[in-house]
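Protein chains in written order, with full-length UniProt numbering: chain G, 1 to 260; chain B, 1 to 87.
One or more hints might be untrue.
Stated by the list, open to error - Derived coverage of chain B by chain G (criterion: at least 3 residues anywhere in the stretch with Cβ under 8 Å from a Cβ of chain G; other residues may be distant):
#1 24-35
#2 47-56
#3 69-77
As the list claims (entries may be wrong) - Okay, the calculated beta carbon distance ranges per label pair:
#4 B:E57 to G:V46: 24 to 34 Å
#5 B:M62 to G:L171: 36 to 46 Å
#6 G:K132 to B:K66: 25 to 35 Å
#7 B:T67 to G:I177: 21 to 31 Å
#8 G:L171 to B:A39: 46 to 56 Å
#9 G:R136 to B:A60: 37 to 47 Å
#10 G:P174 to B:N70: 15 to 25 Å
#11 G:T137 to B:D71: 55 to 65 Å
#12 G:G57 to B:F63: 13 to 23 Å
#13 G:S100 to B:T67: 49 to 59 Å
#14 G:C122 to B:E10: 20 to 30 Å
Claimed, not checked - Some chain G residues close to chain B (C-beta under 8 Å, calculated; not the full set):
#15 H11
#16 V16
#17 Y20
#18 R30
#19 D58
#20 L59
#21 P62
#22 F134
#23 T137
#24 K140
#25 H223
#26 Q228
#27 V232
Because the hints were derived from the structure by calculation, they are not lab data. Where a beta carbon is used, it is the ideal one built from N, C-alpha and C, also for glycine.
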Amino acid sequence: MIRVAAVGDVHMDVDVLGRYRPSLEQLGERADVLLLAGDLTRHGTVNEAECVAREFGDLPVPVVAVLGNHDYHSDQQREVTKVLAAGGISVLEGEGITISCRDVKLGVAGIKGFGGGFAGRCASMFGEQEIKDFVRTTEKAATRLQAALLSLDADVLVALTHYAPVPDTLLGEPLEIYPFLGSYLLGQAIDSAPTSLAVHGHAHAGVERGVTPGGVRVRNVAHPVIRQAYSVYQLEAAPPARTPVSQGAGRGIDSLSHDV
Amino acid sequence: MVSEPRVVDEYADAEVHRMLTEDGTICEQGIEVIRRDGAVLLRGQVETVHRRDAIGERVAAMFPDKTVCNDIVVTAVAGPSEPEVIT
Ligand SMILES: [Fe+2]
Ligand SMILES: [Fe+2]
């Protein structure tokens with residue numbers, strides 16, 4: 001058994017410093033790992049990243065993060081990543097990481113992801129270069145997520161993204177913006193591996209619970225959705241009795257895995 | 001009969017939504033702005049009281065003739081509920 005704590009969309013700046021800290025003090029008793037599902041900052045500045053590192057650093061459990069669209073706003077995502085890493089937070093962008101907790105090896109594959117929409121209502125690789133670039137960005141992300149998931153040797157596999165892999169957890173968001181909230185390609189990547197749980201953020205007005213077409217539980221942990229400092233999900237080590245439904249997203253691969 | 005200057009509501013809606021996202025002091029994408037005859041209702045969640053009030057002030061400046069009802073709430077940061085067991 002492993003307990004995964006998760007929250008996203010904390011949108012840190014100096015005005016938020018200290019808000020999460022009282023609840024984080026009990027994290028070690030409640031969870032084995034903390035996942036941060038992107039939009040950690042307001043504008044993606046180094047100063048805001050330092051706030052994230054202060055708020056979510058120096059905790060009794062490993063902290064694993066992906067960035068969100070807000071963290072890219074100032075074009076300083078590399079610097080933001082460095083600041084978080086210096087604070088002890090492992091930032092994933094197409095990589096996998098394994099964490100040993102008691103007798104269970106947890107594997108987390110993470111990537112920000114991107115939009116494009118969902119089956120039957122999605123953008124296609126067609127027309128203007130700008131549209132093709134948009135779709136290609138998501139395809140690349142999905143390919144890297146799949147590779148990272150498949151590269152991990154773990155008892156329990158978790159996918160961590162900022163953008164949503166399914167429309168289920170977007171319920172409450174305007175339908176018109178679904179293509180900007182996530183992509184079915186991320187879901188397809190998640191379904192191609194024996195994933196136990198997919199965690200995402202980004203959809204502030206969505207709902208917490210959903211499932212991929214292949215039966216993987218999806219949890220939207222955007223802070224305005226869970227309305228608490230973090231949620232905790234308890235996972236069993238036995239892999240889910242489920243056959244991967246798709247290998248569709250698998251193409252050129254550039255991921256790496258590392259242990260902590 | 002003197003006609004009133006034409007106010008195109010949809011453009012104002014677009015303008016306020018873009019302002020809430022693109023204004024560097026606000027940067028919020030999930031705020032609902034509901035316009036009524038004499039009022040503007042704001043709904044959504046933010047991380048701090050300061051952010052809620054800043055949104056209220058900026059929207060009030062955009063609609064000086066309307067009352068702004070600021071129902072934005074600050075998201076709670078209490079400790080977690082019981083863990084969810086995923087089987
Ligand atoms: Fe967000
Ligand atoms: Fe986001």
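Now for the hints, and whether the structure bears them out:
1. 24-35: holds (count 4)
2. 47-56: With 4 residues in contact (Cβ-Cβ under 8 Å with chain G), the coverage given for the region 47-56 of chain B holds.
3. 69-77: That given contact holds, which follows from 3 residues of the region 69-77 of chain B lying within Cβ reach (below 8 Å) of chain G.
4. B:E57 to G:V46: 24 to 34 Å: Hint holds: Cβ distance 28 Å, inside 24 to 34 Å.
5. B:M62 to G:L171: 36 to 46 Å: Once the Cβ atoms are compared, 30 Å apart, the range 36 to 46 Å for L171 (chain G) and M62 (chain B) is violated.
6. G:K132 to B:K66: 25 to 35 Å: 43 Å, violated
7. B:T67 to G:I177: 21 to 31 Å: Holds: the Cβ-Cβ distance is about 28 Å, inside 21 to 31 Å.
8. G:L171 to B:A39: 46 to 56 Å: Since the Cβ atoms of L171 (chain G) and A39 (chain B) sit about 28 Å apart, the hinted range of 46 to 56 Å is violated.
9. G:R136 to B:A60: 37 to 47 Å: Distance hint for R136 (chain G), A60 (chain B) holds at roughly 43 Å.
10. G:P174 to B:N70: 15 to 25 Å: 21 Å, holds
11. G:T137 to B:D71: 55 to 65 Å: At roughly 36 Å between Cβ atoms, D71 (chain B) and T137 (chain G) fall outside 55 to 65 Å, so the hint is violated.
12. G:G57 to B:F63: 13 to 23 Å: 42 Å, violated
13. G:S100 to B:T67: 49 to 59 Å: 58 Å, holds
14. G:C122 to B:E10: 20 to 30 Å: 26 Å Cβ-Cβ, so the 20 to 30 Å window holds.
15. H11: 5 Å, holds
16. V16: 5 Å, holds
17. Y20: Status holds, d = 5 Å.
18. R30: Hint on R30 (chain G): holds, closest Cβ of chain B at ~6 Å, below 8 Å.
19. D58: Violated, because the Cβ-Cβ distance from D58 (chain G) to chain B comes to roughly 18 Å (cut-off 8 Å).
20. L59: 14 Å, violated
21. P62: Hint on P62 (chain G): violated, closest Cβ of chain B at ~17 Å, above 8 Å.
22. F134: 18 Å, violated
23. T137: 19 Å, violated
24. K140: 24 Å, violated
25. H223: Where the cut-off is 8 Å and the nearest Cβ of chain B is about 5 Å from H223 (chain G), the hint holds.
26. Q228: Holds - the Cβ of Q228 (chain G) comes within 8 Å of chain B, reaching about 5 Å at its closest.
27. V232: Since chain B brings a Cβ to about 4 Å from V232 (chain G), closer than 8 Å, the hint holds.
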